[in-house]
Every structure is written in C-alpha cells, then in structure tokens.
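Mind the numbering: the sequence shown is residues 1 to 394 in full-length UniProt numbering, read in order.
Heads up, a few of these hints could be off.
[Stated by the list, open to error] Calculated lysine-lysine pairs in the DSS-like style (CA-CA distance at most 27 Å, straight line):
hint, residue 1, residue 2
1, K365, K170
2, K128, K118
3, K170, K304
4, K98, K128
5, K371, K361
6, K366, K197
7, K170, K128
8, K304, K341
9, K283, K236
10, K234, K124
11, K170, K181
12, K197, K279
13, K210, K236
14, K181, K128
15, K191, K181
16, K197, K283
17, K279, K236
18, K80, K118
19, K80, K112
20, K71, K96
21, K365, K283
To be clear, the hints were calculated from the coordinates, so they are not data collected in a lab.
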Amino acid sequence: MDSSPFNRSGLTRRSPPPTPQPLAQTPSREPIEKMETISTPELQNWMGSIEQSLNEVCSITTEGKLNSEQKLRVSNLCRKVGHNVAQLAVQYQSLKQKAVQTHYYLQALNEKQDLTEKLATEIKTVIKESCTKPISESTSFADMVKKGSNSFVRPVQHSAVAIYPSDNSKTSDETRNLVQKIVCPEEMKLKVRGVRKVRNGGVIISTETKDDLEKLKQTVQHANSGLTVDEPQKRKPRIIIIGVPSSMAESEVYSCIFEQNMVDKVPSMTRDTFLSSIKLSHKSGRRDSDHHNLILEVSAVIRKALITQDRVFINWTSCPVRDFTLVTRCYNCQQYGHAAKSCKNTAPVCGHCSEEGHSIKECTKKNDSPKCATCLRFKNQVTIKPEILIARLG
Numbered sequence: 001m002d003s004s005p006f007n008r009s010g011l012t013r014r015s016p017p018p019t020p021q022p023l024a025q026t027p028s029r030e031p032i033e034k035m036e037t038i039s040t041p042e043l044q045n046w047m048g049s050i051e052q053s054l055n056e057v058c059s060i061t062t063e064g065k066l067n068s069e070q071k072l073r074v075s076n077l078c079r080k081v082g083h084n085v086a087q088l089a090v091q092y093q094s095l096k097q098k099a100v101q102t103h104y105y106l107q108a109l110n111e112k113q114d115l116t117e118k119l120a121t122e123i124k125t126v127i128k129e130s131c132t133k134p135i136s137e138s139t140s141f142a143d144m145v146k147k148g149s150n151s152f153v154r155p156v157q158h159s160a161v162a163i164y165p166s167d168n169s170k171t172s173d174e175t176r177n178l179v180q181k182i183v184c185p186e187e188m189k190l191k192v193r194g195v196r197k198v199r200n201g202g203v204i205i206s207t208e209t210k211d212d213l214e215k216l217k218q219t220v221q222h223a224n225s226g227l228t229v230d231e232p233q234k235r236k237p238r239i240i241i242i243g244v245p246s247s248m249a250e251s252e253v254y255s256c257i258f259e260q261n262m263v264d265k266v267p268s269m270t271r272d273t274f275l276s277s278i279k280l281s282h283k284s285g286r287r288d289s290d291h292h293n294l295i296l297e298v299s300a301v302i303r304k305a306l307i308t309q310d311r312v313f314i315n316w317t318s319c320p321v322r323d324f325t326l327v328t329r330c331y332n333c334q335q336y337g338h339a340a341k342s343c344k345n346t347a348p349v350c351g352h353c354s355e356e357g358h359s360i361k362e363c364t365k366k367n368d369s370p371k372c373a374t375c376l377r378f379k380n381q382v383t384i385k386p387e388i389l390i391a392r393l394g
C-alpha cells in the first residue's frame, strides 16, 4: 500500500490539524457542546479505502485486453482521482479547525454579553436610586459633583454693553460716575448685574434682561454726555512662548513665527493678515537674562496652529508654547481672587508653612514640607455654594 503511486492518505497522517483549545482568558460557565465532526483516523480510513479501490482498478486494467494507451489513460485518471480526494481531505481538516475555533469564540462572546447585560442592569439600578434620593440642605457643591447629579449648574449668559468716553484722558472711574448720574436704576426699574472697568476709560455694564439693556442704551445715547455705547469686545486668546531670545526684535520674532510655523499650517493666511491678528500683551522673565517669555494676543486660527504643534520655531530656537492663564493670588494672605494691595488681612500669612504672623522670608520651617494656606484655612474642606460659583464664573 505504501509503495503505491496513488497513496495520498499519508498527507493527512504527516500533518494532522492542531486540536483547537478554548480561550484561556475566558472562563467557561457551562461545558461547550461537542461539534459533530469527522475524526482524523476515520478520514484516513476512508482515504485508504479509496486508494485500495484505485489500485485494484489499475491491476484489472493491467491484466485486461487493453492497449498501452488505454492502460496509461486509466492509470492517469486513477492518479488524478486520488490526488483530488487527498486535497479534499486537507481542505476539510482546515475548515474543521476554523469551525471549532469559531464555536469557542461564540461561546466566549455569549459569556461576555451576559456579563455586560448584568453590569448594565446594576448600573441602571444605582443611577435610578441616586437620582430619586432626596438631597439634603447640607449637601455642598463638591458633593454634588462627586455624585454625578444630572442637574448641572451653569453660569447664566447676561446681556452687557460697553460705554466709553469721547475724551481719552478720562478714567474708568470718571466714566462710571457719569453713567451713575445719568441713569437711575430705581426710577427706570433696571436690574443691573454688575459694572466693571476696562481699558481706554470704559466700563462694561451687565443687566438681567435684554429689555433692561435697551433702556440703558437709549438713556445714555439721549443724554448727550459725550459717552459712546458699543458692544463689548471679547478678549482674544492669549498664548505664552517660553524662552524667546532677548536679542531678537519683536518684528523679527513675528517674521520667524509666520515663515517657520504658519506658512505650512495655514497656507491661505497672508503675512498682512497674520501681523494684524497678533499683538504683544506683555513680556515676563528676568530683565538681565538672555531669554524671556512673550505673552501674545492672537486669533483663534493662529492659536490652534501653534498650540497643536506644542512648540514654536524661532530662528535657531525651539520654544515651548502654552495657553496663557492668569490666576490672581494674594501674597499677603496666600488666598486667590484678589491682589495684596486690596487684601483685608492685617497680619501676613507665610507662603511656605501657611502660619499667620510672618512672611516667607522670615519663615523658620523652610526645611519642612510646604503646606497649602487655603487647605489649612478651610481644613481641607472647601465648599462653594452654586450661587457663589455662578457669580464668579459670570
């Protein structure tokens, strides 16, 4: 049998398909149902039977009254049949392996789906219980954020108007006093939210409703007091470029930013458009240093192009770029939201140990770890009421 030219069953014996194993990471809750597949030994027996029949056909042909050409044709046909049957067996083995693996994968997916549905049910139950639970009066804003309540506190968008004096020499205080002489909120029944000073001697007044804002505009315009009413302009985004060489002029820096950074990022932007959309706010850093930081007011397009690449290339220097955010901190009481010149505390608070009565220069505990003055003052429990937060954000 082994010397026969039609012996193809050895192919399946030489390369039996690997037995598929279940996924090791997925535990099985129930035994996997056995698939109805033909085993390798059974398949080999079938192959051997077919080969034996083909050999017998060849033997009968050899002994019969056929010419040489007919015997050769019968032999070739038997060889072809044996080869095709062997290929069919190999293809079956491959399909069987893939079918068994798919069976295990489906079983694992069913288990994961059951687990997902169970977790989803538990999460819905927890959310429903937390939403229906009454909120006590002592609940703080921080507690509400931790619990993930569905009712978010958002700042209200109030109407506002900007009022500027015709005379540029006047200050914002003088403009505010003049507006207060012209407008009487009590008589006009206005609901004024606030008045804040801006540059160029102007003030911005915010009201509760748009009707109140229209009354305020008409009163100021008809007063003929030399005041102009305008829409308040939003401040442009500000970015800080760290480590700019001090030897470079401002125009050179702008030229390098445009040519080395903006040309490839925003091809449609011209140099004139770029220069009109960028403005120096101020500089920071030591005066005697070779490098300083530039705080620039730019348009939203320029800000996005520079921030996304994380660095600004200026001549031979690669400078980090960040969004510039300014948080006011008092160096007298170490609290936030006001400056030292307007602080009401009479005794200073140390910026290192957070104890009252001395400054950081006079601190004798500099070898100890620093402490937060805000956390120490409020005993690590800073509670901000929603209405206070809205007022600060507004």
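Hint check against the structure, violated hint numbers in rising order: Going through the list in order, the structure violates hints 1, 3, 4, 6, 7, 8, 10, 14, 18, 19, 20 and 21 and respects the others.
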